[in-house]
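Build out the structure end to end from the sequences listed, making use of the hints.
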Amino acid sequence: MLDEESIVYLVFTLIVPILIFVNLSNIGSGLTSYFAMLLIALEFAFLLIMVFADFVLFPLIMGMLGITFQPARNYKITKGQDAVIKNVSGLYYATGYVTANLFAYVFKAERIGEGEELRQIQAPEAWEKSVMSINFPFKFNVISAGLDIQTVRDELEGKRSFQEFQLSRVMQSGNPNESIIADIQRKINVIQAKIDRISQEEKPIATLMYAETTAVGVSEKAAMDALAAQIKQLQIALGVLDVQITRIVGRELYTIFKFGYSLPTSYQDIATFFDSQK
Amino acid sequence: MDKKLFVFLGFLGTSIGIVLIDISVPGVIIGPTIKIILLILALVFDGLAYSSRYYSYLLVPIFKQRKRSIVLSSEDPYWLSPTGDAIVHKEGETFISTVYVKIPLYRSATEMSNDEKLEFTKQISRLVSLSRDPIRFTTQVHMMNKDDYIRKLRDTLSEVENEEASLLARNAKQNEIDRVRGKASMWRHMLDSVSKGISLEMVLYASVSALGGQEFEAISGAQQRARELISGIAAVFGVTPSILTGDAVQRAVEPEFLIPYSTVSEQLSKTLQEQVT
Numbered sequence: 001m002l003d004e005e006s007i008v009y010l011v012f013t014l015i016v017p018i019l020i021f022v023n024l025s026n027i028g029s030g031l032t033s034y035f036a037m038l039l040i041a042l043e044f045a046f047l048l049i050m051v052f053a054d055f056v057l058f059p060l061i062m063g064m065l066g067i068t069f070q071p072a073r074n075y076k077i078t079k080g081q082d083a084v085i086k087n088v089s090g091l092y093y094a095t096g097y098v099t100a101n102l103f104a105y106v107f108k109a110e111r112i113g114e115g116e117e118l119r120q121i122q123a124p125e126a127w128e129k130s131v132m133s134i135n136f137p138f139k140f141n142v143i144s145a146g147l148d149i150q151t152v153r154d155e156l157e158g159k160r161s162f163q164e165f166q167l168s169r170v171m172q173s174g175n176p177n178e179s180i181i182a183d184i185q186r187k188i189n190v191i192q193a194k195i196d197r198i199s200q201e202e203k204p205i206a207t208l209m210y211a212e213t214t215a216v217g218v219s220e221k222a223a224m225d226a227l228a229a230q231i232k233q234l235q236i237a238l239g240v241l242d243v244q245i246t247r248i249v250g251r252e253l254y255t256i257f258k259f260g261y262s263l264p265t266s267y268q269d270i271a272t273f274f275d276s277q278k
Numbered sequence: 001m002d003k004k005l006f007v008f009l010g011f012l013g014t015s016i017g018i019v020l021i022d023i024s025v026p027g028v029i030i031g032p033t034i035k036i037i038l039l040i041l042a043l044v045f046d047g048l049a050y051s052s053r054y055y056s057y058l059l060v061p062i063f064k065q066r067k068r069s070i071v072l073s074s075e076d077p078y079w080l081s082p083t084g085d086a087i088v089h090k091e092g093e094t095f096i097s098t099v100y101v102k103i104p105l106y107r108s109a110t111e112m113s114n115d116e117k118l119e120f121t122k123q124i125s126r127l128v129s130l131s132r133d134p135i136r137f138t139t140q141v142h143m144m145n146k147d148d149y150i151r152k153l154r155d156t157l158s159e160v161e162n163e164e165a166s167l168l169a170r171n172a173k174q175n176e177i178d179r180v181r182g183k184a185s186m187w188r189h190m191l192d193s194v195s196k197g198i199s200l201e202m203v204l205y206a207s208v209s210a211l212g213g214q215e216f217e218a219i220s221g222a223q224q225r226a227r228e229l230i231s232g233i234a235a236v237f238g239v240t241p242s243i244l245t246g247d248a249v250q251r252a253v254e255p256e257f258l259i260p261y262s263t264v265s266e267q268l269s270k271t272l273q274e275q276v277t
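In order, the protein sequences belong to chains G and A.
Take the first sequence: its letters are residues 1 to 278, numbered as in our numbering.
Take the second sequence: its letters are residues 1 to 277, numbered as in our numbering.
Errors might be hidden in some of the hints.
[Unchecked claim] Calculated lysine to aspartate or glutamate pairs in the DMTMM-like style (CA-CA distance at most 20 angstroms, straight line):
#1 G:Lys-203 / A:Asp-133
#2 A:Lys-122 / G:Glu-202
#3 A:Lys-90 / A:Glu-254
#4 G:Lys-86 / A:Asp-76
Derived by calculation from the structure, the hints in this document are not laboratory data.
Here the structure is a predicted model, which is why all the values come from computation and not from measurement.
Quick look at the structure:
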């Protein structure tokens, strides 16, 4: 997602390809100008990928160039940018991270309220069963930060008003589409449920959830192979919960690694690096 | 000026400079090949300028070191505070201290009624919304270092065996000998089962960090947040949380403490068995 800072970066970055395009005649004619246009197109494609999927491009480039990083003494981030390896007296400890966002508790469900209590009753047992099926070291982390109640409420009311405006526009159109109406009403219900929960004195929070596991090996490759197997098992074990699991790679891996010994001290610090749940 | 912004402006300025040269110098002087090369260079620097939004921490070391193994830091990631109850990390001129709070919660869902389960889930919801400052709650499963426990079991077993030998030596009553033999058999069985396989331990803890211009400032800030957190947790669960110190802190941070050295061979043979089957 593009935040304000990224938009500023993007706008300034686009000056160069636009400058080239406007002055294409000064660069050359015929084949040279076609080549220049191809390069501009490639630049746009690169920027597009960097905006929406840098986590794919960055590990790919680092993997191709074979570049590894040392984030701290005795630690190494692999060229695939998907694990941190620590060398301790000839033994290699590989740690990998996965996102583990529990969506069931953040209004992703379409029918708010329905079955929520049952899900809350089942949650502790489901969690215990998942943990008991894991027979290797792992950590499940939840970073939570309280949000300002009034700000969140204002934001939600603004969103609700926008959806209500959209709904009235659809209703006023000559041939209202039932599925669009249902979709907007569902969105309004979700927002209203959040407002209701805040009204019932529930504090709004932003959370970031991730799991990590560590494997040991006598070589880097052995540790990485064991880690890959453990991550697969972790995905299966946590899969019984309503969890979105994605392997963390690239810059987010570095940030999460640093979270191991220094946490973000404000919500803004979390929001700079991750799309947290509210 | 912010270092990240400086990197961005550096790359962007270089890119614009190259483009201006490319545009202003006529093709008859430098030729179309040089023009295209300059164009490629300009676009590469432009791409790097945008990439510096998230990757400035890497781009500068890559350009400076120009090798495949890039060193971002050769320092230890943190050090333990003199009081042993916090870790400290230095980021530029700022110190960040982190304190770990153990949450002694030993309840299982299997022994709860539905109402208790619902209440427990609500308690967890209250727990994660305790503070406006970021708090990390961690459930950690790690391998137990059983060396001390096994040593204690062996000592107990040898004491019981000595007792049995002394009873036999003084021709004690048969029922007394049988009782001691039963006890020895129990400890032998326990030693066998404990020595076999891997034992895992689960702990729950929370961690908070605070910034400071000085080390002591960051440490006291984190300790203050930890104290507030302790009162919050105690109010929610009615337990007595405690601040982790020394080795317990390292177990929460260092990967080798999750798999203690004494259990590595067991872990390696387990991995090998899994790969074979």
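Evaluated hints:
{"no.": "1", "hint": "G:Lys-203 / A:Asp-133", "result": "holds (13 angstroms)"}
{"no.": "2", "hint": "A:Lys-122 / G:Glu-202", "result": "holds (11 angstroms)"}
{"no.": "3", "hint": "A:Lys-90 / A:Glu-254", "result": "holds (18 angstroms)"}
{"no.": "4", "hint": "G:Lys-86 / A:Asp-76", "result": "holds (12 angstroms)"}
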